[in-house]
Structures are given as C-alpha cells and as structure tokens.
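Participant: Now for the letters of each chain:
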Amino acid sequence: MGPLYKFGWFDFNYGLELAGLIGFFFGFLLERAGFGNPRKLTAIFYLRDFAVLKVMFTAIVVCMLGLLYFSVLGWIDLGRVYLLPTYIWPQIAGGFVLGVGFVMGGYCPTTSVVAAVSGKLDALIFIIGMMAGSLVFAEMFPVLERFHTAGSMGPVRLPEALGISSGWVALLVCTMALSAYWFVEKVERRFGNAETLPAGSRPARRWAAALLPALGLILAVVNPDRVLEKKPAARIEIRQPPRRTVDDRRMPEKTPSPTFEIVEDEGC
Amino acid sequence: MNRRYANPYVIGVLLGLVLLFSFYTMGRGLGSSASFARIAAAGLHKIAHAHAEANPYLSRYLHARRPALMNWLVFLTLGAGLGGLFSAFIANRVRGEVARGPSIGVSARCWLALGGGLLSGFAARLARGCTSGQALTGASELALGSWVFMFCIFAGAYAAAWFFRKEWL
Numbered sequence: 006m007g008p009l010y011k012f013g014w015f016d017f018n019y020g021l022e023l024a025g026l027i028g029f030f031f032g033f034l035l036e037r038a039g040f041g042n043p044r045k046l047t048a049i050f051y052l053r054d055f056a057v058l059k060v061m062f063t064a065i066v067v068c069m070l071g072l073l074y075f076s077v078l079g080w081i082d083l084g085r086v087y088l089l090p091t092y093i094w095p096q097i098a099g100g101f102v103l104g105v106g107f108v109m110g111g112y113c114p115t116t117s118v119v120a121a122v123s124g125k126l127d128a129l130i131f132i133i134g135m136m137a138g139s140l141v142f143a144e145m146f147p148v149l150e151r152f153h154t155a156g157s158m159g160p161v162r163l164p165e166a167l168g169i170s171s172g173w174v175a176l177l178v179c180t181m182a183l184s185a186y187w188f189v190e191k192v193e194r195r196f197g198n199a200e201t202l203p204a205g206s207r208p209a210r211r212w213a214a215a216l217l218p219a220l221g222l223i224l225a226v227v228n229p230d231r232v233l234e235k236k237p238a239a240r241i242e243i244r245q246p247p248r249r250t251v252d253d254r255r256m257p258e259k260t261p262s263p264t265f266e267i268v269e270d271e272g273c
Numbered sequence: 002m003n004r005r006y007a008n009p010y011v012i013g014v015l016l017g018l019v020l021l022f023s024f025y026t027m028g029r030g031l032g033s034s035a036s037f038a039r040i041a042a043a044g045l046h047k048i049a050h051a052h053a054e055a056n057p058y059l060s061r062y063l064h065a066r067r068p069a070l071m072n073w074l075v076f077l078t079l080g081a082g083l084g085g086l087f088s089a090f091i092a093n094r095v096r097g098e099v100a101r102g103p104s105i106g107v108s109a110r111c112w113l114a115l116g117g118g119l120l121s122g123f124a125a126r127l128a129r130g131c132t133s134g135q136a137l138t139g140a141s142e143l144a145l146g147s148w149v150f151m152f153c154i155f156a157g158a159y160a161a162a163w164f165f166r167k168e169w170l
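If you read the protein sequences in the order shown, they are chains Y and L.
273 is the number that my numbering gives the last residue of the first sequence; the numbers go up by one with no jumps.
170 is the number that my numbering gives the last residue of the second sequence; the numbers go up by one with no jumps.
It is worth saying that the hints were derived from the structure and are not from the lab.
Watch out, some of these pointers could steer you wrong.
Unchecked claim - Across the chosen pairs, the derived CB separations fall in these ranges:
1. Y:Leu-78 <-> L:Val-107: 49 to 57 Å
2. Y:Met-145 <-> L:Lys-167: 29 to 37 Å
3. L:His-52 <-> Y:Arg-151: 39 to 47 Å
4. Y:Glu-150 <-> L:Arg-96: 41 to 49 Å
5. Y:Thr-180 <-> L:Arg-96: 40 to 48 Å
6. L:Ala-109 <-> Y:Phe-17: 38 to 46 Å
7. Y:Phe-152 <-> L:Ala-55: 15 to 23 Å
8. Y:Phe-17 <-> L:Lys-167: 27 to 35 Å
9. Y:Arg-210 <-> L:Phe-87: 24 to 32 Å
10. Y:Asn-198 <-> L:Ala-55: 48 to 56 Å
11. L:Arg-67 <-> Y:Glu-150: 35 to 43 Å
12. Y:Leu-222 <-> L:Phe-90: 36 to 44 Å
In this text the structure is predicted, and so the values were computed from the model without any measurement.
Glycine residues also receive a C-beta, built at the ideal position from the N, C-alpha and C atoms.
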C-alpha cells in the first residue's frame with residue numbers, strides 16, 4: 006500500500022535518488038511540450054497557444070483520478086499523502102504576483118530550469134532573480150509573518166469546501182477540463198497559428214472526451230469518501246507524525262520505519 | 002521556433018502519471034521553487050553566516066534535521082534539469098540565446114527576466130509554492146487553496162499580459 010515511503014519501504018536517501026529520477030521525467034516532459042521556450046509559455050496569455058493550460062489541466066485530472074481510484078482499490082492511503090494546507094489570503098496574493106512574474110519573466114520556476122539547461126540566458130537570469138526574491142521574502146518575513154498565515158483553513162479539500170463527495174468533485178473537474186479544452190481550442194483556432202500547434206488524431210480525442218466523464222461518473226457513484234471512512238488513519242494529516250491510534254493496529258502493512266519523516270517544508 | 006512540440010494532451014497524461022508515481026512512492030508531489038530558496042539560503046549562510054542564522058524564515062531551511070540541500074525538492078530540481086537537458090539535446094534545441102519576441106532588445110529582456118524572477122521567487126514563498134508545487138500538486142489532491150492559487154496565477158498573468166505584449170509578440 007502506498008505511499009511506499011511512509012510505510013517504510015525505503016529510506017530517505019533512496020527517496021532522494023527517486024526524487025532525481027522523478028525530476029528527470031518531469032523536466033523531460035516539460036521540455037518535450039516546449040516549455041523551455043518562454044514564447045511558447047506566454048503565448049497562452051495572448052490567446053495564441055494554450056499548451057500550458059492543456060498540460061496542467063490534463064496532468065491534474067489524470068493524477069486526481071489516479072489518486073481516487075488507487076484509494077478506492079486500497080493501493081494508497083490518502084491519509085498519509087501530504088496535503089497542502091490552505092492559507093487563503095497569501096495564496097490569492099501570491100498567485101496574482103506569480104502570474105505577473107510569469108508573464109514578465111516568461112517562465113514559472115520549474116520551466117525556467119528546463120529553459121536554462123537548454124541554453125536560454127534569460128532563464129538563468131530568471132533563476133537568479135528567483136533566488137534573490139526568496140531572500141527578499143526571508144528578509145521581509147518579520148513584517149509579512151502575520152499575512153503569511155492569514156486565512157489559515159488547515160488541510161481543507163474541495164469536497165469539504167463545496168459540501169459534496171470527492172467523486173462528484175472529480176466528475177465536476179473532468180467536465181470542467183473538457184469544457185476548458187473545447188473552449189481554448191476554439192480560441193486557438195481564431196488567434197493561434199495552426200502551423201505551430203501540435204495536431205492530434207480525431208478518434209483519439211473523441212475517445213478521451215468520452216472516457217473522462219465516464220471515469221468521473223464511476224467515482225461519483227462509487228464515492229471514494231465512503232471507502233476512506235472505512236479505512237484506518239483515513240484522516241488527512243499534516244506535519245505531525247501519524248497518531249498511533251487503535252485503528253493503526255489493524256493495518257496489515259509494515260509500520261513506519263524509525264527514519265520516518267514528515268515533510269517539514271511547503272510544497273514547491 | 003516553428004518546430005512542432007509534442008502534443009500537450011499526451012504530455013499532460015504522462016506528467017499526471019509521473020505525479021501519481023511521486024504520490025504513490027513518496028506521498029508528496031512535485032515542486033521546484035523551494036529548492037531555489039534553499040540554495041539561496043545555503044549560499045547566504047556561507048557568505049553572511051550570522052545574518053542568515055538570525056533570520057526566522059531561513060531557520061526552517063538551515064536548522065532542520067538535515068542539511069538545507071539534502072532535500073527532496075532540490076534533488077527533484079536537479080533531475081528536472083538533467084531531464085530537460087536530455088530532451089533538448091535529442092531534439093537539437095540546446096542553443097545559447099536570449100529568448101524574446103521580435104520587438105524587444107536583449108538588455109530589456111534580461112532586466113524583465115530578472116524582475117519576473119524576483120516577483121516569482123517572492124510570490125512562491127508567500128503562497129508556499131509555485132505552479133508545480135502548489136497548483137499542480139495541490140490541485141490534483143483537490144486542495145482548496147491550490148485551486149484558488151491556480152486561478153489567481155492566470156488572473157494575474159492575464160491582467161498583466163497587455164503591459165508586456167512588446168516582450169513576446
């Protein structure tokens with residue numbers, strides 16, 4: 006049962022090697038999509054090429070469905086997956102500023118790495134700027150500390166926020182993704198350059214368009230939350246080691262290794 | 002510049018699987034901006050030791066159980082660099098240049114890249130993550146704040162796009 010690391014399948018150092026491997030594929034895929042090129046990246050903001058939205062939304066949908074199906078099948082304990090806590094105000098402000106930084110600098114943090122290694126000098130400058138920006142934040146931290154934790158809502162998910170089950174949220178996200186694809190392709194056809202936009206086969210697109218809502222609908226009916234409730238340690242936890250409650254003893258898998266470590270820093 | 006890149010939907014599916022693999026093995030997602038904060042923190046620690054020690058924010062990087070750079074995200078970012086290099090190399094896209102639109106000069110583009118980097122670095126720390134660590138990872142977990150964050154990125158970028166049109170178009 007996953008996450009393998011949290012069940013003591015391997016230690017921290019192996020985790021770092023794994024990070025290198027996962028990062029390799031991450032960077033490889035970003036470069037394949039053309040995200041080492043700031044003109045390709047920023048084209049989304051001038052309505053010419055929505056590759057950024059397509060890649061992001063598709064990755065989110067695939068991973069979301071994967072996590073929920075894995076959870077239903079008992080392959081992963083979502084309670085042990087690090088869930089990013091919500092601090093609504095700094096996230097809103099940070100999102101806006103990051104967006105401005107994106108269109109101004111031409112990159113987001115990870116794509117700047119991919120661009121820098123493919124020889125873009127401006128990406129290297131962007132990275133230097135990012136490091137300086139992080140230090141500026143650290144220097145200003147005493148002033149910003151209160152805002153940094155403003156609107157703390159804990160590890161809250163959309164299902165709780167909207168008051169519907171994860172399955173229905175999944176269906177909603179699938180439908181939203183499909184409508185977004187449909188809409189941006191209409192916009193692309195109008196403003197974009199068909200020569201540079203990658204094409205896809207029509208039947209494959211039809212199948213995918215049918216598959217997504219179907220997978221979402223199955224989840225909505227199966228209701229992953231009910232499966233979660235039946236499981237031990239199903240509560241989403243953050244930053245504190247797993248509580249050794251009575252429920253934990255029912256877990257057939259290995260107990261966490263002595264080197265067990267909860268993520269002590271934020272996501273990105 | 003006109004070379005066709007891979008189909009974004011295919012890349013999206015594969016990226017989703019990589020992210021899922023990361024969740025399945027490590028119980029956490031992807032990210033990169035914190036690794037730059039860590040590298041900067043470690044650098045500052047070397048140059049201005051006492052100053053870095055005194056900073057309450059940097060202490061979370063410098064006074065953790067492990068050295069600041071022995072970190073999941075730092076290794077992930079190193080891997081991303083290698084993967085990107087490999088992909089660019091096999092596609093013959095490794096070329097020293099300053100990427101920019103046709104109507105902006107090299108030095109203006111470099112200053113804007115620096116400014117964009119500054120804003121991004123600052124904003125990523127404020128929001129506890131960037132497009133991958135917060136938006137991509139959090140959104141696939143259905144975290145509320147990550148979804149809000151993602152829409153705010155697009156809102157901020159679209160709002161500012163007009164001012165930077167000469168840089169790209």
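Participant: A separate judgement is required for each hint: does it hold in the structure or not?
Facilitator: Hint-by-hint comparison with the structure:
no.	hint	result
1	Y:Leu-78 <-> L:Val-107: 49 to 57 Å	holds (54 Å)
2	Y:Met-145 <-> L:Lys-167: 29 to 37 Å	holds (31 Å)
3	L:His-52 <-> Y:Arg-151: 39 to 47 Å	violated (23 Å)
4	Y:Glu-150 <-> L:Arg-96: 41 to 49 Å	holds (44 Å)
5	Y:Thr-180 <-> L:Arg-96: 40 to 48 Å	holds (41 Å)
6	L:Ala-109 <-> Y:Phe-17: 38 to 46 Å	holds (45 Å)
7	Y:Phe-152 <-> L:Ala-55: 15 to 23 Å	holds (21 Å)
8	Y:Phe-17 <-> L:Lys-167: 27 to 35 Å	violated (48 Å)
9	Y:Arg-210 <-> L:Phe-87: 24 to 32 Å	holds (29 Å)
10	Y:Asn-198 <-> L:Ala-55: 48 to 56 Å	holds (53 Å)
11	L:Arg-67 <-> Y:Glu-150: 35 to 43 Å	violated (24 Å)
12	Y:Leu-222 <-> L:Phe-90: 36 to 44 Å	holds (43 Å)
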